Amino acid sequence: MKPALSVIFFTVLSGAGYGVWCLVGAALAAGIYPQDRIDILLPLGFGFVLVTAGLMASTAHLGRPERAWRALTQWRSSWLSREGIAALVAYLPLLMLAYLAWRGAAGTRVLGALLAVCALATIGCTANIYRSLKTIRAWRARQVAPLYFMFACLSGGLWLWAWLASRADTYVSDAFPLALLVLAIVTALIKVDYWRGIDALPAPTAGHATGLEMLGAVRAFEGPVTEESYLTREMAFVLARKHSARLRPIALTLFAAVPALAIAIALPSGAGWLAIVAAAAASGGVLVERWLFFAEARHAVAAFFPRAVP
Amino acid sequence: MTSLPAPAKKKLGLVIDLDTCVGCHACAIACKEWNDGGAFGPLADDDPYGADPHGVWFNRVHSYEVQPPAHANAPREVTLDSLMGTAPPDAAGTDMPAPQMVHFPRSCLHCETPDCVTVCPTGASYKRAEDGIVLVDEDKCIGCQLCAWACPYGAREIALPHPKTPASDTGRTDQKRGTMQKCTLCVDRIYNETLDACDRQPACVLACPTHARLFGDLGDPDSNVSKVVAERGGFALMPEFGYQPVNRYLPPRPRRDGSTIAATPTQPAPRAETLDTEKLPPLLRWLDKALSR
Ligand code: SF4
Ligand code: SF4
Numbered sequence: 076m077k078p079a080l081s082v083i084f085f086t087v088l089s090g091a092g093y094g095v096w097c098l099v100g101a102a103l104a105a106g107i108y109p110q111d112r113i114d115i116l117l118p119l120g121f122g123f124v125l126v127t128a129g130l131m132a133s134t135a136h137l138g139r140p141e142r143a144w145r146a147l148t149q150w151r152s153s154w155l156s157r158e159g160i161a162a163l164v165a166y167l168p169l170l171m172l173a174y175l176a177w178r179g180a181a182g183t184r185v186l187g188a189l190l191a192v193c194a195l196a197t198i199g200c201t202a203n204i205y206r207s208l209k210t211i212r213a214w215r216a217r218q219v220a221p222l223y224f225m226f227a228c229l230s231g232g233l234w235l236w237a238w239l240a241s242r243a244d245t246y247v248s249d250a251f252p253l254a255l256l257v258l259a260i261v262t263a264l265i266k267v268d269y270w271r272g273i274d275a276l277p278a279p280t281a282g283h284a285t286g287l288e289m290l291g292a293v294r295a296f297e298g299p300v301t302e303e304s305y306l307t308r309e310m311a312f313v314l315a316r317k318h319s320a321r322l323r324p325i326a327l328t329l330f331a332a333v334p335a336l337a338i339a340i341a342l343p344s345g346a347g348w349l350a351i352v353a354a355a356a357a358s359g360g361v362l363v364e365r366w367l368f369f370a371e372a373r374h375a376v377a378a379f380f381p382r383a384v385p
Numbered sequence: 008m009t010s011l012p013a014p015a016k017k018k019l020g021l022v023i024d025l026d027t028c029v030g031c032h033a034c035a036i037a038c039k040e041w042n043d044g045g046a047f048g049p050l051a052d053d054d055p056y057g058a059d060p061h062g063v064w065f066n067r068v069h070s071y072e073v074q075p076p077a078h079a080n081a082p083r084e085v086t087l088d089s090l091m092g093t094a095p096p097d098a099a100g101t102d103m104p105a106p107q108m109v110h111f112p113r114s115c116l117h118c119e120t121p122d123c124v125t126v127c128p129t130g131a132s133y134k135r136a137e138d139g140i141v142l143v144d145e146d147k148c149i150g151c152q153l154c155a156w157a158c159p160y161g162a163r164e165i166a167l168p169h170p171k172t173p174a175s176d177t178g179r180t181d182q183k184r185g186t187m188q189k190c191t192l193c194v195d196r197i198y199n200e201t202l203d204a205c206d207r208q209p210a211c212v213l214a215c216p217t218h219a220r221l222f223g224d225l226g227d228p229d230s231n232v233s234k235v236v237a238e239r240g241g242f243a244l245m246p247e248f249g250y251q252p253v254n255r256y257l258p259p260r261p262r263r264d265g266s267t268i269a270a271t272p273t274q275p276a277p278r279a280e281t282l283d284t285e286k287l288p289p290l291l292r293w294l295d296k297a298l299s300r
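Heads up: the protein sequence lines correspond to chains A and B, in order.
Residue numbers 76 to 385, in our numbering, belong to the letters of the first sequence in order.
Residue numbers 8 to 300, in our numbering, belong to the letters of the second sequence in order.
Hints may be right or wrong, so weigh each one.
[Said to hold, decoys possible] Here are the simulated lysine-lysine pairs, DSSO-like style, with alpha carbons at most 30 Å apart:
#1 A/Lys-317 / A/Lys-77
#2 A/Lys-317 / B/Lys-17
#3 B/Lys-171 / B/Lys-16
#4 B/Lys-17 / A/Lys-77
#5 A/Lys-77 / B/Lys-147
#6 B/Lys-171 / A/Lys-317
#7 B/Lys-17 / B/Lys-171
#8 B/Lys-16 / A/Lys-209
#9 B/Lys-17 / A/Lys-209
#10 A/Lys-317 / A/Lys-209
[As the list claims (entries may be wrong)] Computed, partial: chain A to chain B, Cβ under 7 Å:
#11 Arg-139
#12 Ala-143
#13 Thr-148
#14 Leu-155
#15 Val-267
#16 Arg-271
#17 Phe-296
#18 Val-313
#19 Leu-314
Simulated from the structure, these hints should not be mistaken for laboratory data.
Computed from a predicted structure; not experimentally measured.
Where a beta carbon is used, it is the ideal one built from N, C-alpha and C, also for glycine.
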C-alpha cells in the first residue's frame, strides 16, 4: 500500500496524544496522579495539540475534506465512522476534566476514567479500520490491534514521563519509567513477531486472482495500460526488500532500544533530560514503523498486475 | 446508508466469456465514452495524450499467458514457479503444450455482500435493494478511499488530479472532483426509456465485437445469463473474500488437442438443437467448426 503521509502523521500524532490522555486519565482515576494543577493541564494540553494536529492531518487524505462531517453518519457499519465519533466524543471528558483541574474542583477521578476509556476506544477504532480490511492480509494479523494500543501508550507515556521527570523529583516514582521500559521491550518483541508473520505470507498470484490457475501456470502478460494508474500507484506499491531490511532495525532502535537505554541510565543517575531524548526517539521510531506498516502491506488487487510481485 | 440491504431476488450483472474475448479493449473505450458524456461531467483524465496519462476507467482489460501443464490429465505438480506464474517455458520442448493467451476484462462485480459498502463512513457507497447494483453517491462521498482499499477486484478508482500536478495548477476544476468512481452497470442506460429496448444494456456489452459480454439477471435461474453460466461452468473471482460477486467469468474452452484442462465443473446441458454437420457443404462445415470452438 502507498504510505500516505497524511494517514501516517494522523495515526502517529494522535496515537501519542491519546496515549497521554489515557495514562493521565487512568492515573487520575486510580488516584495516583499528582494533584498539582499544572501537572494535569500541561500534559492534557500537549495531548490536545497532538490529537488535534493528527486529526487535521487525516483530512488531508480526503478528496473532499469539506464534507468530512458526513463521516459521522455510518457508525452502524463503518469503523472509520466510529473512529470519527469516538475522536469527537473524547474531547468532552477532556474539556470537562481540564476545567475541573483548573478550578481545583473534585470529580477528576470519574472524568479521568472516562477520558481513558474514550482514548482507548478511539485507538481501537483506528486499529479496526485496518484490521477489518480482508484485502490486505498483513493487517489481518493478530498483533495489529495490540500494537496500536502499545505504540500509543509507549510514545504518549514517554512524553508524559518527560514532563513529570522535569518537575524535580517530587512525586514520580520509578515504577512509571520502569513500566515504560518493559512496554518498550514487549512492543519490540511483538512487532518483530508481526514482521516474521508477514514475511511468511505467500504473495498473491495472478492465477488465483483471475481463477485461471485451474488451466495452468498464469503469468500477467500485459497490464490494461502502459502507464501507472490509481490502482498501481495506491495498491500495488512495492517496497524493495532491502529498504525494509534497513528500516526495520532503525524503527526498533528508535522506539525500543533508545528509550529502554535512556530509562536504564536516567533512573540511577537522575538525568531527567534523557526522558526527552527517549520520547523524541520513540515518536520518530513509531513514524518509521507506521511508514513500513503501509509500505510493506500487499493488497490483493496487486496480483492482477504485471510487475506487482517483486 | 451503508448497511447492506436484505438480499434481493434480482441480481443484475455481467457474464464475461474468456473464451471469446479477443482483448480489443472496445468495452473499456465504450464505457469511458458513455460515462464521459452524462450530466455528471467527464471522467477524470489527466494528460490524456501526454507521456504519463492518468485517468479513471471503470473497466480495464488485462492479458495473461497461461501455460497448460505437460499432461493435461496427470495431477499437476505445484511448484513455487507455478504458483508465482514464473514457470519458464519448457526448454527441452518435450510435450509442453504451447502457452495460451487469455484476455481478461476486470470491472465491478456488483457483489452481494461486499465490504466496499459497509466500510464507507458517509453512506455514499451503497447497494441498491431493487436490483443489486453497487453505486457511489457523488454528493456524499468524501474521497477517503477506504472502499477502494476494501475491494479485492480493483473496481474503484478515485477522481483526483494527476499525482504530479503542481499544487499551483488550480484552474482545472474538472480534475478536482475528489470522489470515488466505479462501474454503474450503466444504470442510466438499462432503465432509460428514451433508448430503444435493444439498447437498454451496458455500453460495454453493446460494444463487444465477439459477444464476450452478456448482461442479465443472475438471480433468475431461467435467465439467459444464468443458463450460460450453468452450461459453461461460469465461476466467481476470489470467492474466499466472501463478497459473493454477482458477475461470472466463463472459462476458456479446452483446446481440441486436449492440452488445456476442461474447466467445466458442471455437466454441459444438452444443446437445444443439433446440427448434422456431415450434411453441410465443406465451406459451411469448416465455418461451423471454427465457430463452435
Ligand atoms: S467488485 Fe469491488 S467495488 Fe464492486 S461490489 Fe465487489 S467489492 Fe465492491
Ligand atoms: S471514498 Fe467515498 S464512497 Fe468510498 S468509502 Fe470513502 S466516502 Fe465512501
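*Does the alpha-carbon distance linking B/Lys-17 and A/Lys-77 stay inside the 30 Å limit?*
Roughly 37 Å between the alpha carbons, so the hint for B/Lys-17 and A/Lys-77 is violated.
*Given the hint that A/Lys-77 pairs with B/Lys-147, test it: the Cα-Cα distance must not exceed 30 Å.*
Roughly 25 Å separates the two Cα atoms, so the pair holds.
*Would you check the hint for B/Lys-171 and A/Lys-317, treating anything up to 30 Å between C-alpha atoms as holding?*
holds, 26 Å
*asked:* Quick check on the hint: A/Thr-148 CB to chain B CB, less than 7 Å?
replied: holds, 6 Å
*Closer than 7 Å between Cβ atoms is the bar; does A/Phe-296 clear it against chain B? Give me holds or violated.*
At 4 Å from the nearest chain B Cβ, A/Phe-296 passes the 7 Å test, so the hint holds.
*How about A/Leu-155: closest beta carbon in chain B under 7 Å, or not?*
This interface hint holds because 4 Å falls under the 7 Å limit.
*Agreement of B/Lys-16 and A/Lys-209 with the hint, judged by alpha carbon distance not exceeding 30 Å*: holds, 27 Å
*asked:* Does B/Lys-171 sit within 30 Å of B/Lys-17, going by the straight-line distance between their CA atoms?
replied: It is violated: about 43 Å lies between the C-alpha atoms, which goes past 30 Å.
*Interface hint compliance - A/Arg-271 to chain B, C-beta minimum distance less than 7 Å*: violated, 20 Å
*Pair hint outcome, A/Lys-317 versus B/Lys-17 [Cα-Cα no greater than 30 Å]*: violated, 51 Å
*Take the C-alpha atoms of B/Lys-171 and B/Lys-16, compute the straight-line distance between them, and say whether it is at most 30 Å.*
violated, 45 Å
_Residue hint A/Val-313, partner chain B, criterion CB-CB below 7 Å_ = violated, 15 Å
Hints 2, 3, 4, 7, 15, 16, 18 and 19 from the list above are not met by this structure, while the remaining hints are.
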